[in-house]
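> The primary structure of each chain is shown beneath.
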Amino acid sequence: MKKTFTLSMTFLHTWGGLVMGWLLFGVLLTGSIAVFQDEINLWAVPEIRTGLNPDRATTLQLGVDHLNAQAPDARMWRIDLPRDRDPQLIVAWTTPQGKTTSHTLDPVSGGVIERKTQAGAFYLAYHYMLGIDRNENLAGFMIVGLSGIFMIAACVSGIVIHKRIFKDLFLFRPNASGQRAWLDMHNVLGVLPLPFHLMMAYTGIVILYWIYIPAAVQTLYAGDSVPFRAEAIALEYRGLKAPAGEPAAMLPLPQLMRAAETSMGADKTAYIYVRDPNRGNAVFDAYRDRDDRVTQQVEQVALDGVTGAVLRIRDDSAISRVQSYIAALHFVEWGGAAVRWAYGLAGMASTGMVAAGLVVFTEKRRRKAGGDAAWLTWVDKINVAAVAGISVACVALLWAERLTPVFPERAQIPVLAFYWTWAAMALHAALRPPRKAWGEQFVLAGLLCLGAPLLGGQGWRHLAALDGVRMGMDATLIGTGLLCLAGVWILHRRARAGPCQPEAAEVEDAVEALRCLSPPAC
Amino acid sequence: MLVAASLLMTYLACGQLALAYARHHRAAFGRPPSKARARRMRIAGGVLLVVSPIPWIIESGFGVGFTTWLWYALPCVAVALVALLAFAPRAAARLALVPVPRP
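Chains A and B supply the protein sequences, listed in that same order. For reference, each letter of the first sequence is one residue, going 1 to 522 in the numbering used here. For reference, each letter of the second sequence is one residue, going 1001 to 1103 in the numbering used here.
Everything labelled a hint here was simulated from the structure, so no lab data went into it. Here a beta-carbon is modelled for each residue, glycine too, at the ideal position from N, C-alpha and C. Hints may be right or wrong, so weigh each one.
27 Å max Cα-Cα, derived DSS-like pairs, lysine-lysine [to be verified]: (1) A:LYS381 x A:LYS368; (2) A:LYS381 x B:LYS1035; (3) A:LYS364 x B:LYS1035; (4) A:LYS167 x A:LYS364; (5) A:LYS436 x A:LYS364.
Ranges between beta-carbon positions, derived for each pair [to be verified]: (6) B:ALA1088 x A:THR377: 50 to 56 Å; (7) B:LEU1002 x A:ARG258: 50 to 56 Å; (8) A:ARG83 x B:ALA1005: 26 to 32 Å; (9) B:GLY1046 x A:ALA337: 26 to 32 Å; (10) A:LEU483 x B:ILE1058: 31 to 37 Å; (11) B:ALA1005 x A:LEU483: 24 to 30 Å; (12) A:ASN53 x B:ARG1026: 43 to 49 Å.
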């Protein structure tokens, strides 16, 4: 502990912010991008046709026909029906040996789309588990959870140490001297969306509460989280422990879907599980779409696959509904495009806040040290790799999606491209002076963003076909690229102009801040 | 349409509240606001801030409408206003429908 509470909070905010900021920037950036994961997947797979609006029953039957042809003896089928955001039909099956395979189909022709992508899913996986497979270990979950807890601590300590929080609520002085401008940016992006930052960090932790606070599960379920999840997430109808029944004819799945929709609402089925299809104990399980309500654990109707009798309509406890609401605030699968954009931009504000905070750390200490101390140079190099490097890597993943030809393991190539690009950027940051490395990496990110829509002439095709979603993705990439280049240009121009003289208003602020230090005057 | 109205009202509210600060008023109009003017702007901004989620709630229901406005739209509008205040304070004031003070 330091001498005073404020000094202790400053220490926590400063040093914790530096170390966790390196991690948080990537987590927040990929999370903000992952808001548009369906749109990114659509952009990455040109074979998916948009604007078809196929009849849902016909599309479901296409999926069933495909599954009957591919895996009539599977233990489990899953069918994801096409939606406005994600107009593809996805079918998956699990064999009696436990191997799961999925195919993406055209929702009208039923033809298999060979190109597999992980573009959107990878951003999401990095966001909540740093891309570490949760089936192998929970390290990714734990590290991201720790950074979420720290983010809450940083928000609270930031409020404590920011004495003029209301006075400077709307204050941003881009032309002030270097450190002041970055500090203003850090404050503005931290304070105005503060409820958002707190909400995001908290809801992110609540989603996986049973991992971060495992005591109850350890005690009640003897340390085994599988039965807990089966009970809490209501997966019992997906369990495969019971033996498969004798062969039997199921009712047509479109008929079962209509029956399920009598309680869920017409055309509201998002995806379907069928346990033990074509068997006497077949169970048809329909899950409702989440697009019109703030909840993560949606209505679920289980029907007997042979007789059509209602086996269960999901009814969550009040506690479960609260947890589900909190989780839904984080996943934001509801509310449409306006909400997603607001959410994505607010997420980018969080990202910008972390980046500005990292810059403030080095600028402030550089000024104090009166030159470039060696350790500070290395902190700045890590800043470059953690901020600019991962930004370049995120765009490189999209380039790799475009450039990788179709072959069975292609989905892994863009992921490898992400990590290799990030490693290359870290090496570049280590070898170049930090000030130059910042600019060079953001110029590269900008150029990659501008070039991505042009790859393979896809951008022109999107324009010619007036493909709104993909054109939106292209426009976002171009806008991001121009922002990166403009940012570098502005900073380069300021660096050439030399150190700024403090503005009159800045001097006034400094005087006022000093006055505030003596209690009677403030 | 109602969502746009809600966003516009949020901007007006934040604009009135921001321009009640002497610094921002000075940047937009060359001088700080009188005490009475600052108080009027704060009251107007506060009232507008309270009513601005209503159109969104009418459009999407209380759950989706208020949640979206509070957690996502309000921070985005406020950050946009700050950017505008920093680079074009006069335009920010005009957009917030803050009248030019009488000499």
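> Starting from A:LYS381, check that the Cα of A:LYS368 is at most 27 Å away, please.
Holds. A:LYS381 to A:LYS368 sits at ~19 Å (cutoff 27 Å).
> Check the following: the C-beta atoms of B:ALA1005 and A:LEU483 are separated by a distance inside 24 to 30 Å.
28 Å, holds
> Given the hinted pair A:LYS167 and A:LYS364, is their alpha-carbon gap at most 27 Å?
This hinted pair holds, its Cα atoms lying about 22 Å apart.
> For the range 26 to 32 Å, tell me whether the beta carbons of A:ARG83 and B:ALA1005 fit it or not.
Taking Cβ atoms as reference, A:ARG83 and B:ALA1005 lie about 28 Å apart, which means the hint holds.
> Confirm or reject the claim that B:GLY1046 and A:ALA337 have a C-beta distance inside 26 to 32 Å.
30 Å, holds
> Given a hinted range of 50 to 56 Å, is it respected by the beta-carbon distance of B:LEU1002 and A:ARG258?
About 33 Å separates the Cβ atoms of B:LEU1002 and A:ARG258, which means 50 to 56 Å is violated.
> Range first: 31 to 37 Å. Now tell me if the beta carbons of A:LEU483 and B:ILE1058 are that far apart.
Holds: the Cβ-Cβ distance is about 34 Å, inside 31 to 37 Å.
> Holds or violated: A:LYS381 with B:LYS1035, Cα cutoff 27 Å?
Distance of about 49 Å is beyond 27 Å: violated.
> Is A:LYS436 within 27 Å of A:LYS364, Cα to Cα?
Holds, because 19 Å separates the two Cα atoms, which is no more than 27 Å.
> Quick one: are A:ASN53 and B:ARG1026 within 43 to 49 Å, going by C-beta?
Violated, since A:ASN53 and B:ARG1026 (Cβ atoms, about 55 Å apart) do not stay within the stated range.
> Does 50 to 56 Å hold as the CB distance between B:ALA1088 and A:THR377, or does it fail?
About 37 Å separates the Cβ atoms of B:ALA1088 and A:THR377, which means 50 to 56 Å is violated.
> Quick one, are A:LYS364 and B:LYS1035 close enough, alpha carbons at most 27 Å?
37 Å, violated
Hint violations for this structure: numbers 2, 3, 6, 7 and 12, all remaining hints satisfied.
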